[in-house]
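Visitor: The primary structure of each chain is shown beneath.
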Amino acid sequence: MADLKVKIAGVPFENPLIGASGTVGFGHEYAEFYPLSTLGGISCKGITLKERPGNPPPRIAETSAGMLNSVGLQNPGVEHFIREDLPWLKQQGTAVIANIAGSTPEDYCAMAERLSGTDIDMIELNISCPNVKAGGAQFGVTPQGVESITAEVRKHCTKPLMVKLTPNVADIAENAAAAEAAGADAVSLINTLTGMRIDIHTRRPVLRNNTGGMSGPAVFPVAVRMVWQTAQRVKIPVVGLGGISTWQDAVEMMLAGAAAFQVGTAFFTDPYAPVKILKGLDEYLNQNKIASVTELTGKVKPW
Amino acid sequence: MADLKVKIAGVPFENPLIGASGTVGFGHEYAEFYPLSTLGGISCKGITLKERPGNPPPRIAETSAGMLNSVGLQNPGVEHFIREDLPWLKQQGTAVIANIAGSTPEDYCAMAERLSGTDIDMIELNISCPNVKAGGAQFGVTPQGVESITAEVRKHCTKPLMVKLTPNVADIAENAAAAEAAGADAVSLINTLTGMRIDIHTRRPVLRNNTGGMSGPAVFPVAVRMVWQTAQRVKIPVVGLGGISTWQDAVEMMLAGAAAFQVGTAFFTDPYAPVKILKGLDEYLNQNKIASVTELTGKVKPW
Amino acid sequence: MKYDTELCTILEKRQLTADIFDMTVSAPKLAPLAKPGQFAQILVPGKTLRRPISLCGIGKDTLRFVFQVRGEGTKVLAELQAGDSMDILAPLGNGFPVETAGADKHAVFVGGGIGVPPLLGAASAFSGEKTAVLGFRGKDAVILMKDFVHAGCEAFLTTDDGSFGVHGLVTDVMQNLTFDVCYACGPAPMLRAVVKLCAERNVPCYVSMEQRMACGIGACLGCAVELRREDGSSYYGHVCKDGPVFSADRVVL
Amino acid sequence: MKYDTELCTILEKRQLTADIFDMTVSAPKLAPLAKPGQFAQILVPGKTLRRPISLCGIGKDTLRFVFQVRGEGTKVLAELQAGDSMDILAPLGNGFPVETAGADKHAVFVGGGIGVPPLLGAASAFSGEKTAVLGFRGKDAVILMKDFVHAGCEAFLTTDDGSFGVHGLVTDVMQNLTFDVCYACGPAPMLRAVVKLCAERNVPCYVSMEQRMACGIGACLGCAVELRREDGSSYYGHVCKDGPVFSADRVVL
Ligand SMILES: Cc1cc2nc3c(=O)[nH]c(=O)nc-3n(C[C@H](O)[C@H](O)[C@H](O)COP(=O)(O)OP(=O)(O)OC[C@H]3O[C@@H](n4cnc5c(N)ncnc54)[C@H](O)[C@@H]3O)c2cc1C
Ligand SMILES: Cc1cc2nc3c(=O)[nH]c(=O)nc-3n(C[C@H](O)[C@H](O)[C@H](O)COP(=O)(O)OP(=O)(O)OC[C@H]3O[C@@H](n4cnc5c(N)ncnc54)[C@H](O)[C@@H]3O)c2cc1C
Ligand SMILES: Cc1cc2nc3c(=O)[nH]c(=O)nc-3n(C[C@H](O)[C@H](O)[C@H](O)COP(=O)(O)O)c2cc1C
Ligand SMILES: Cc1cc2nc3c(=O)[nH]c(=O)nc-3n(C[C@H](O)[C@H](O)[C@H](O)COP(=O)(O)O)c2cc1C
Ligand code: FES
Ligand code: FES
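Chains as they are written, first to last, in full-length UniProt numbering: chain P, 1 to 303; chain V, 1 to 303; chain Z, 1 to 253; chain E, 1 to 253.
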């Protein structure tokens, strides 16, 4: 057995696999399959200050080797989360990350402050949600935007702070550097690539929101590239995600520079994907006589 | 038989299917399968002022529902093209588009001027090639960059001018608007999304160039979204491409706002893909009693 | 465990119409957990998203699915043969509350087209008097009629074009029936008409809904459906977890 | 027409080693166009890129492929059975110039591992005296030896571990042979050693190269290979169009 433990921004994870925000809810549903302690961590569904109804359906569309979603941050609000979900989650033996989203900097700050008073392990600043009109990705596109929101939230946040970045930009590494400069403890990338599908019979966009966020294996090469560019640019840990569905993908992502990785869409295709990924990762490490998974991070040898 | 003819920037195309630059060379190889007049047009491999050797191999990698390439504009130079390829191409009964790339604005202008003196039908300004160090996408990232190179080239170009845009930006519609303002007659999008793959055994990037351009079905939803956004923003025709591999994809792309479309990677999967796409498109139009393919353009009904 | 995945061997495959297939799979792990009206998420090789298909029949250690080829995914599933296996996530959602209406009651099962299969399991499980009203496009689209008779139902059939059974809509038949509870599944216009008829008579009605899904278990919030609270305000519930069967007075059709 | 696509039915499938498969397909349209040393681009269902596989044998209306499972694509191909069909683009590239060396000449065919199959067609077509030197990892990896004998070759076998034939490298055997021309295919280190030996003897040598491909016909410029001009300068040619067989003095190994 290789050592799968990693530490991100001071937070210990039993293994580098984290359930990606929005794909594993608050953990209850996947706990039917295996103990949540199977996962190194879980990033909860994006929460907002107040309850949000989300976007009208349809919210899901399939694409070649991927999917689109336009859930639009449906969630019961931060207080409900702290009251109803967090206590249970904290007993599951997995690191718990709160993914927070807001329409204004004040929202973000209020949530960060409120969550700093709980026993949450980490806060993931979601400034990259493409499915909401106000806020969301608007803070995450320019380095200035990333820097200012991160700096604001940092003042109110005593928990380790990870900033989640959008891939719908020209230079994601620059945005990561801006987050780092403003005090982020880690960055996670990528959120979804904005996409669209149209029903050729009704001539309507398949999603009621017209566009949605693309995830799944299709986006994996883009995510690897962005993680590679970002890991060369910043000193804080990079958590890599986007399209990971096999253990080989996980190894590739870590070699590109990820200190840990998140798995999202793969849960839908196969709820046991995380178990298979961790098993494959462990075997790979053993076969290659690598004692600790941390030795993979950034070990790609570019030409 | 529905009417498949389209006109882009005054240039008549027998049908809206154009072979995408870099995927059909200068037409010779695919002319073995069917007459090139099967295609509405052909966008030739990107040419530069002087011969270019291209990047070292490997230049190709597979991805889920897509591929990466890092060919790096290997080509024999504009004079060779005009002497050896253009005369033959012009006899094939298809519209011929020269895709030009340069390291400096002067290169672009010199080529535009030189080609304006030939019987080429259209010039496609490639300011979006991700696989070359100098030039290429550097001109195509910011609206200012797009506007200034387009305006420069416009002065030297008496042929219809189409500007090909990169998707590796935050707002492609803004770049399209910049091209329009600077005098472009049309825009084509998308070029490839930058991606990366790593061999987990050698720990080397699969491509010798480390990163490459992603194309194929995986990128289709991103292309549809960008074409939709762009078509709402500009008045000049939008030529849509990126991942089209079936007639349904072609219809979807046109509904999103494309006046014509290009097919690239699909040639590799199936050299007869263009024939099948045109047949399906024709049948769809007949079944829906649509007299002309031009009636599809932009007919999506957003929610 | 409420649900799980299982690699299920196809025991029997039959083709019912030009585009509807009937498959029974071995599911010793999942079948004992299942109730009528629940559904499965079936993995299609090469596809990112599983396909939701209702449980049409539940055996001791088998599950039965009846599905129509509607797109790429169901096309691939239809090509599978007896002996092949399918990766199935089941049972999901809440079934028809056939136990709440007692054996002294008369239930009507109203299905339209490919909405018919999920009702069969419910009809089989119901212990009171039962009538089935099944509507189809035409003669060639008729499925499962004998199965409903076999399940103890008096069965009425309607077709849009009159090529078989009653020429007309399911509600034309329902007009002439008396019943205490209604279970319905089918296209939205049919459901709306059925719900209206039941509301007029003040008879409880349960409908099974469809929505595009990702997880199928309530984690992704993808399969939103507009639900009504008692106070008349509405919110987005989820077909996979809160449904697929809803009390008609709670769902916005 | 130089090449085309054809939907080819698999006539025969055999497994040669743990991971090497031997398939003969019906190809009435493509086989008549084919020459030894050329290759095919085989469509793998669900994959964007076709897989390049050499023509190992060319019949009147059949083609034979011998391939190793190396990744996802070849794994899918290996699962196909006799009766299934494959979409094949062929014949591609230039073959071994076996006709240029006349019937009075002695040719040696040197193959390593999965580099052996393309040489078989060339050996069969060569009309002069012929010797095959085939190198493998070990006994369990040996393939096609009888086929080379059947093609009229004197056949020598080497294994890296000595478990079969000569313990050593193909060049150990070549040392003791005299020949007028050499055709080689195999891993880069083997090719380099073979080319060096031939160069020392001033014997013409032809090698078959591999590179990742997209189009397979010379359109995409993906399969670059560094080639040497007469003046010693180098440039990128393309394996699919200029090769896969190159004169050893022209290719940078
Ligand atoms: C709870 C539930 C039970 C169902 N039971 C049955 C059944 O017993 N028999 C049957 O024939 N059909 C049933 N359906 C409909 C069935 O899921 C779709 O016909 C099927 O998903 C279409 O997949 P496709 O790949 O053929 O179509 P595509 O159009 O290629 O699918 C693209 C995407 O859209 C989704 N999708 C398309 N149509 C529907 C739809 N109507 N509902 C939900 N998702 C859809 C697909 O799942 C996939 O993710 C049920 C749907 C739900 C939600
Ligand atoms: C001209 C030519 C002839 C060949 N003849 C044979 C043969 O007769 N028998 C045989 O077993 N193999 C042959 N190969 C090698 C064969 O093409 C690869 O083993 C195969 O493509 C691997 O595909 P995969 O899906 O299993 O591997 P993956 O690693 O999953 O493939 C990923 C991508 O890389 C490409 N790739 C991987 N390895 C190679 C390689 N060595 N050469 C070219 N592309 C590669 C694949 O085609 C695919 O595009 C030949 C290669 C070439 C270029
Ligand atoms: C249905 C769905 C809902 C999502 N919701 C959120 C969210 O609330 N917050 C967030 O930061 N990311 C959200 N994401 C993005 C994922 O966390 C992840 O960044 C993305 O899906 C790429 O990873 P994957 O390809 O492994 O799914 C969501 C993704 C999906 C598919
Ligand atoms: C091998 C290859 C070479 C390419 N070379 C060029 C090029 O020279 N000039 C250019 O503008 N685009 C080039 N492209 C991009 C394509 O023209 C097209 O924009 C992209 O592949 C997306 O379309 P597709 O998914 O249909 O292939 C190339 C693409 C590929 C795959
Ligand atoms: S499909 Fe995920 S919540 Fe219903
Ligand atoms: S594979 Fe396209 S040029 Fe060789």
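Source of the hints: derived by calculation from the structure; they are not laboratory data.
Nothing here was measured: the structure is a model prediction, and the numbers come from that model.
One should not assume that every hint holds.
What the hints assert, rightly or not - Below, a list of computed lysine-lysine pairs in the DSS-like style, where the Cα atoms sit at most 30 Å apart:
1) 5/V x 301/V
2) 299/V x 5/V
3) 75/E x 105/E
4) 235/P x 299/P
5) 139/E x 279/V
6) 29/E x 279/V
7) 276/V x 2/E
8) 105/Z x 75/Z
9) 299/V x 35/Z
10) 47/Z x 241/E
11) 35/Z x 2/Z
12) 47/Z x 139/E
13) 276/V x 105/E
14) 75/Z x 279/V
15) 75/Z x 60/Z
16) 29/E x 276/P
17) 139/E x 276/V
18) 90/V x 241/E
19) 139/Z x 75/Z
20) 47/Z x 105/Z
21) 13/E x 289/P
22) 29/E x 299/P
23) 13/E x 299/P
24) 241/Z x 276/V
25) 60/Z x 50/P
26) 47/Z x 276/P
27) 47/E x 75/Z
28) 276/P x 75/Z
29) 276/P x 2/Z
30) 2/Z x 13/Z
31) 2/Z x 90/P
32) 7/P x 276/P
33) 90/P x 289/P
34) 276/P x 105/Z
35) 235/V x 289/V
36) 13/E x 75/Z
Unchecked claim - Quick list of simulated restraints, FRET-style, between CB atoms:
37) 12/E x 161/Z: 56 to 62 Å
38) 295/P x 19/E: 51 to 57 Å
39) 146/Z x 146/E: 36 to 42 Å
40) 72/Z x 291/P: 44 to 50 Å
The beta carbon of each residue, even a glycine, is placed where N, CA and C say it ideally should be.
Visitor: Could you tell me which of the numbered hints above are not met by this structure, giving the numbers in increasing order?
Guide: Hints 3, 5, 8, 9, 10, 12, 13, 16, 17, 20, 21, 22, 23, 24, 25, 33, 34, 37, 38 and 39 are the ones this structure does not satisfy, whereas the remaining hints hold.
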